[in-house]
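J.: Residue-level listing of the chains:
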Amino acid sequence: MDSVGIALEVFAAVVTAVLIVVACCRKNIMQKPECYVLLLTCSNFLMLLCDLVLIAMKGNPGAELLFRVLWVLDYAFVLLYILFLHYYLVYYIAQKAKIPLKLTASVTVICAVMLCLWIISMFNGMFYSIDKNNIFSYSRYFILSQLGPAAAMVIDFVIILKYRRVMGLRDTLVWMTYIILPTCMIALENKYDVVPVYLAMTVSIMIIYIMISMDQDKRMVKQELELSENREKIMLSQIQPHFLYNALTSIAQLCDKDPAKAKEATIAFSEYLRRNMDSLSRRSTVPFNEEMKHLSTYLLIEKLRFGDYLNIVYDIEITDFNLPILTLQPIVENAVKHGVGQKDGGGTVRISTAKRADCIEVTVSDDGVGFDPNEPAAGTRAHVGLENVRSRLSSMCGGEMTVKSEKGVGTTVTIIIPKEMD
Amino acid sequence: MILRILAVDDEPLALEMLADAIKKAAPDAEVIEFGTPSELLRYAENNICDIAFLDIHMRGMTGIGLAGRLKEKLPDINIVFVTGYDEYAGEAMALHASGYIVKPVTAEKVFRELADLRHPV
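Those protein sequences? They're chains C and H, same order as listed. Counting from 266, one number per residue, gives the positions in the first sequence under this note's numbering. Counting from 2, one number per residue, gives the positions in the second sequence under this note's numbering.
All the pointers check out, no bait thrown in.
Pairs of lysine to aspartate or glutamate, EDC-like flavour, derived with a Cα cap of 16 Å:
#	chain 1	residue 1	chain 2	residue 2
1	C	Lys672	C	Glu640
2	C	Lys522	H	Asp21
3	C	Lys361	C	Asp480
4	H	Lys25	C	Asp521
5	C	Lys522	H	Glu17
6	C	Lys602	C	Asp632
7	C	Lys602	C	Asp573
8	C	Lys684	C	Glu626
9	H	Lys25	H	Glu109
What follows is a set of in silico ranges between Cβ atoms, one per label pair, in the way DEER data are often shown:
#	chain 1	residue 1	chain 2	residue 2	range
10	H	Gly61	C	Val431	49 to 55 Å
11	C	His648	H	Gly91	19 to 25 Å
12	H	Glu92	C	Ala370	52 to 58 Å
No lab work stands behind these hints: they were computed from the structure. Think of the CB as a built atom: it goes at the ideal place given N, C-alpha and C, for glycine as much as any other residue.
Using the sequences and the accompanying hints, generate a full structural model.
T.: Written as structure tokens, this is what we have:
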């Protein structure tokens, strides 16, 4: 082999090593199929290393055992490359469609059998022979040793054709190059040299990395979008535009009728807004009494709207504890808006706190219209609001929330706050 | 003939505001106020009415449901929905409503609806 060939092979090894480092750095955002790419790249790298050592030892007597072992390893790494490429393909498709795993078993068997035959020919010389001077020469049946890997490639090729609709045009074309490029080079191998195959494999790996990187970017953009949509929903559920407009309508009407009351309501409304805005940025727990104060501001405005239709009953046993900001008021608001507020003749909301052995229990119950817990609620504004309370409870103080409801009877929401956290 | 206009909202202050606005926009009309949907339905059994302003969020029955039942009794009535938050426009239009007002209700908003009614009065 000439020096250009060696240089190319060293270059391929360096590129592969860089790709391995890149893959390791991005491991946390890799999906399962992409882990096979890392294994595949490692196989390619080790294969290149074996090959370089073999080139160095070629024609120099001595270390005969090492030379032979390296020849076995060299072939083994090629088989592993093909195997991992196959696994990657299958798991890549499995993300999008059902794919029988029978094929995977057959490719694995082909690779195992070929490796055994390669080792056997070390002794009977059917594929190749190695002489005392560490010179490797092809035997009569060498071509057979290339048939196994080729068969595996053909299987992959058929899989790609079969699932081309699932993969889409871009993926199909890219996957074709992974298969066709090295295969063409194997065809050239006997004519020229073994180096083109290594280069083709390395180029294939580079294309795979570019594809993965593109997919990861796409996934990230999608996640980012979902996250910001969620954030928007949560913000809306915390600001409650519906309540704002109705409160302002009540206050506007009061301005003519009862200016003093209008002033009081405006102040309460401003306090309500400040607290809700604060809660968007604050991620800490606050004393229960603060939450109660916020609740009373909110209820003052609601009483303007609902008058005697809305009764509030307090049964406060304990106030000396902390809870996440904006926990109590949204639950009461739900009870008012979706419970009592929908019921002919109005109703009562009961707010109670109680001390338990290892926790504090806060309960908000109403005798409003209730709902059927089996009906899907996901996506509704009430649901987003309650889920937001639930997530803040668990992340800020390890608390829990349960919702019990029956149509026509009412709803009870219970919050459990662990004692060691208060 | 005197125009007869119905107004319903289960929040007393909002009802007052709505009625005030209607009276200002149509000083010669007869405005009848209701605190619940059922009171309005009972009235509509025995009386002919031209226009009804219906709040959408109400206890017991939504304004959308109320409009459907009102139309059964008085097919030619003009229905104008009133809501605190813009989220029912689609449903309201499906009911062939005459109009749609977003709170706070003002005389100008009511006037605009009265000038562009679906059924002649």
